Amino acid sequence: MSEVQQIDRDKLGLFVKQTGGMVAAGFNCAISLVGDRLGLFKELAANGPYDSEGLAGALGLQERWVREWLHHQACIGQVEYDAATATFAMSPEAAAVLAQPEHPAFLMGAYESAVAVFPAVEKLADAFRTGLGMSYDDHGPNCACGIEQMGAFTKQQRLVPELIPMIPGMRERLQAGAKVADVGCGGALSTIAMAQAFPNSTFIGYDTSTVALDRARANVAEAGLANIALLNPMDEPLSAQGQFDLVTTFDVVHDTPYPDRLIADIFASLSAADGYWLCEDIKGFESFSENHSQHPLAALLYGFSVTICMSSGLSTPDGAGLGTLGFTRNMAESMGLAAGFTGFQHLEVDNPMNNYYLFSKTE
Numbered sequence: 001m002s003e004v005q006q007i008d009r010d011k012l013g014l015f016v017k018q019t020g021g022m023v024a025a026g027f028n029c030a031i032s033l034v035g036d037r038l039g040l041f042k043e044l045a046a047n048g049p050y051d052s053e054g055l056a057g058a059l060g061l062q063e064r065w066v067r068e069w070l071h072h073q074a075c076i077g078q079v080e081y082d083a084a085t086a087t088f089a090m091s092p093e094a095a096a097v098l099a100q101p102e103h104p105a106f107l108m109g110a111y112e113s114a115v116a117v118f119p120a121v122e123k124l125a126d127a128f129r130t131g132l133g134m135s136y137d138d139h140g141p142n143c144a145c146g147i148e149q150m151g152a153f154t155k156q157q158r159l160v161p162e163l164i165p166m167i168p169g170m171r172e173r174l175q176a177g178a179k180v181a182d183v184g185c186g187g188a189l190s191t192i193a194m195a196q197a198f199p200n201s202t203f204i205g206y207d208t209s210t211v212a213l214d215r216a217r218a219n220v221a222e223a224g225l226a227n228i229a230l231l232n233p234m235d236e237p238l239s240a241q242g243q244f245d246l247v248t249t250f251d252v253v254h255d256t257p258y259p260d261r262l263i264a265d266i267f268a269s270l271s272a273a274d275g276y277w278l279c280e281d282i283k284g285f286e287s288f289s290e291n292h293s294q295h296p297l298a299a300l301l302y303g304f305s306v307t308i309c310m311s312s313g314l315s316t317p318d319g320a321g322l323g324t325l326g327f328t329r330n331m332a333e334s335m336g337l338a339a340g341f342t343g344f345q346h347l348e349v350d351n352p353m354n355n356y357y358l359f360s361k362t363e
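Going left to right, the sequence shown walks through residues 1 to 363 as our numbering numbers them.
Heads up, some of the hints might be wrong.
Stated by the list, open to error - List time: in silico EDC-like cross-link candidates among lysine to aspartate or glutamate, alpha-carbon distance up to 20 Å:
no.: 1; residue 1: 361; residue 2: 265
no.: 2; residue 1: 361; residue 2: 245
no.: 3; residue 1: 123; residue 2: 318
no.: 4; residue 1: 42; residue 2: 80
no.: 5; residue 1: 361; residue 2: 333
no.: 6; residue 1: 179; residue 2: 274
no.: 7; residue 1: 179; residue 2: 236
no.: 8; residue 1: 42; residue 2: 82
no.: 9; residue 1: 42; residue 2: 68
no.: 10; residue 1: 42; residue 2: 102
no.: 11; residue 1: 123; residue 2: 137
no.: 12; residue 1: 179; residue 2: 245
no.: 13; residue 1: 42; residue 2: 93
no.: 14; residue 1: 42; residue 2: 63
no.: 15; residue 1: 361; residue 2: 274
no.: 16; residue 1: 179; residue 2: 265
no.: 17; residue 1: 123; residue 2: 138
no.: 18; residue 1: 283; residue 2: 350
no.: 19; residue 1: 42; residue 2: 53
no.: 20; residue 1: 283; residue 2: 162
no.: 21; residue 1: 283; residue 2: 333
Said to hold, decoys possible - Label-pair distances were calculated between CB atoms; the ranges are:
no.: 22; residue 1: 68; residue 2: 271; range: 51 to 61 Å
no.: 23; residue 1: 65; residue 2: 343; range: 52 to 62 Å
no.: 24; residue 1: 68; residue 2: 142; range: 20 to 30 Å
no.: 25; residue 1: 286; residue 2: 23; range: 31 to 41 Å
no.: 26; residue 1: 142; residue 2: 103; range: 13 to 23 Å
no.: 27; residue 1: 37; residue 2: 80; range: 19 to 29 Å
no.: 28; residue 1: 286; residue 2: 242; range: 25 to 35 Å
no.: 29; residue 1: 128; residue 2: 261; range: 24 to 34 Å
no.: 30; residue 1: 157; residue 2: 92; range: 13 to 23 Å
It should be emphasised that the hints constitute simulated quantities derived from the structure, not laboratory data.
These figures come from a predicted structure and were not determined experimentally.
A virtual CB, placed ideally from N, CA and C, is assigned to each residue, including glycine.
Whole structure, please, built from the sequences with the hints as guidance.
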């Protein structure tokens, strides 16, 4: 009883409110994902304001369900409510984040990924006891879909026009005909973007996830491209013959159980004198203290780490388990140098989530 009396009631009230907000956010991941899949956000953004009857009618849905969805979304703050007209609308900012896949701020993939890991709670509890995490395929196809959506904008809109020109002479080499490995290609969005822009070059997308490779095959077939091959490095390893002009990795190194081996394999696969490795990875500080006090997305990224990224890195008994924020700028440089690279650049790319590094065999 004495311990209860020592509790600061104001602080307790604030913590209860904070916890309630966290639980509400958990429910919102699932409810927002339903809104995305049914087209509710897109219809509301494109043609709103709507009342519940109008929105339900536009999409052929049941009004009672749409009404409760709108009430929830208004209370959570993702949809605006006008009491005078009893209608609901989306601000341009909310539309960019929730309804416009072509916008760089679009984050529905994060909802998809969060919901995909909910069934993994029991397995994650076992991981704390055994130390063994889960691979991406253990989470099923929805997680792969969410991760694919989150990285789509940079791969589809910025890679070819902005990032490739930062690599000395690479655009010209790709136009003439070069060989590229896209390692950890996922759904092959980056592979496809490069292959479409440079039809004279050949591209190999590598991924250990069978779910990702299935998505990649479907995406490549839809794009109608003949200059892409897709391989699982467990069956057909990255070549050590120095055949590639360029290797790319997009948010891959921090996920792999063996980052040192991966980087060594990338080094060996590049042409001897003028091959480059373009590496995108998560932006973070060098210490937890800095991430805790200064990183605006730290809570989100550590959440991804426990459920997905660190778990993937510990999906083998001897995995490194770097975690989402574990492949820092300094670690990238030191691991690259240890693998044999002598050239390293931290590229100046405006991206709130990622850093970009360029490695070469010559300074």
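Against the structure, the hints:
1. 361 x 265: Since the Cα atoms of residue 361 and residue 265 sit roughly 13 Å apart, the hinted pair holds (cutoff 20 Å).
2. 361 x 245: Holds. Residue 361 to residue 245 sits at ~11 Å (cutoff 20 Å).
3. 123 x 318: Judged against 20 Å, a Cα distance of about 18 Å means the pair holds.
4. 42 x 80: holds (14 Å)
5. 361 x 333: holds (13 Å)
6. 179 x 274: At roughly 12 Å apart (the allowed maximum being 20 Å), residue 274 and residue 179 satisfy the hint.
7. 179 x 236: holds (17 Å)
8. 42 x 82: holds (19 Å)
9. 42 x 68: Given pair residue 42, residue 68 holds - Cα atoms ~18 Å apart, limit 20 Å.
10. 42 x 102: holds (12 Å)
11. 123 x 137: holds (13 Å)
12. 179 x 245: At roughly 6 Å apart (the allowed maximum being 20 Å), residue 245 and residue 179 satisfy the hint.
13. 42 x 93: holds (13 Å)
14. 42 x 63: holds (17 Å)
15. 361 x 274: holds (7 Å)
16. 179 x 265: Holds: residue 179 and residue 265 sit about 16 Å apart, inside 20 Å.
17. 123 x 138: holds (10 Å)
18. 283 x 350: holds (11 Å)
19. 42 x 53: holds (16 Å)
20. 283 x 162: holds (18 Å)
21. 283 x 333: Answer holds: residue 283 to residue 333 is near 14 Å, not above 20 Å.
22. 68 x 271: 51 to 61 Å: Given about 59 Å between the Cβ atoms, the range holds.
23. 65 x 343: 52 to 62 Å: Given a distance of about 57 Å, which is inside 52 to 62 Å, the answer is holds.
24. 68 x 142: 20 to 30 Å: holds (24 Å)
25. 286 x 23: 31 to 41 Å: With Cβ atoms ~33 Å apart, the hint holds.
26. 142 x 103: 13 to 23 Å: Since the Cβ atoms of residue 142 and residue 103 sit about 22 Å apart, the hinted range of 13 to 23 Å holds.
27. 37 x 80: 19 to 29 Å: holds (22 Å)
28. 286 x 242: 25 to 35 Å: holds (33 Å)
29. 128 x 261: 24 to 34 Å: Given range 24 to 34 Å: holds, Cβ gap about 26 Å.
30. 157 x 92: 13 to 23 Å: holds (19 Å)
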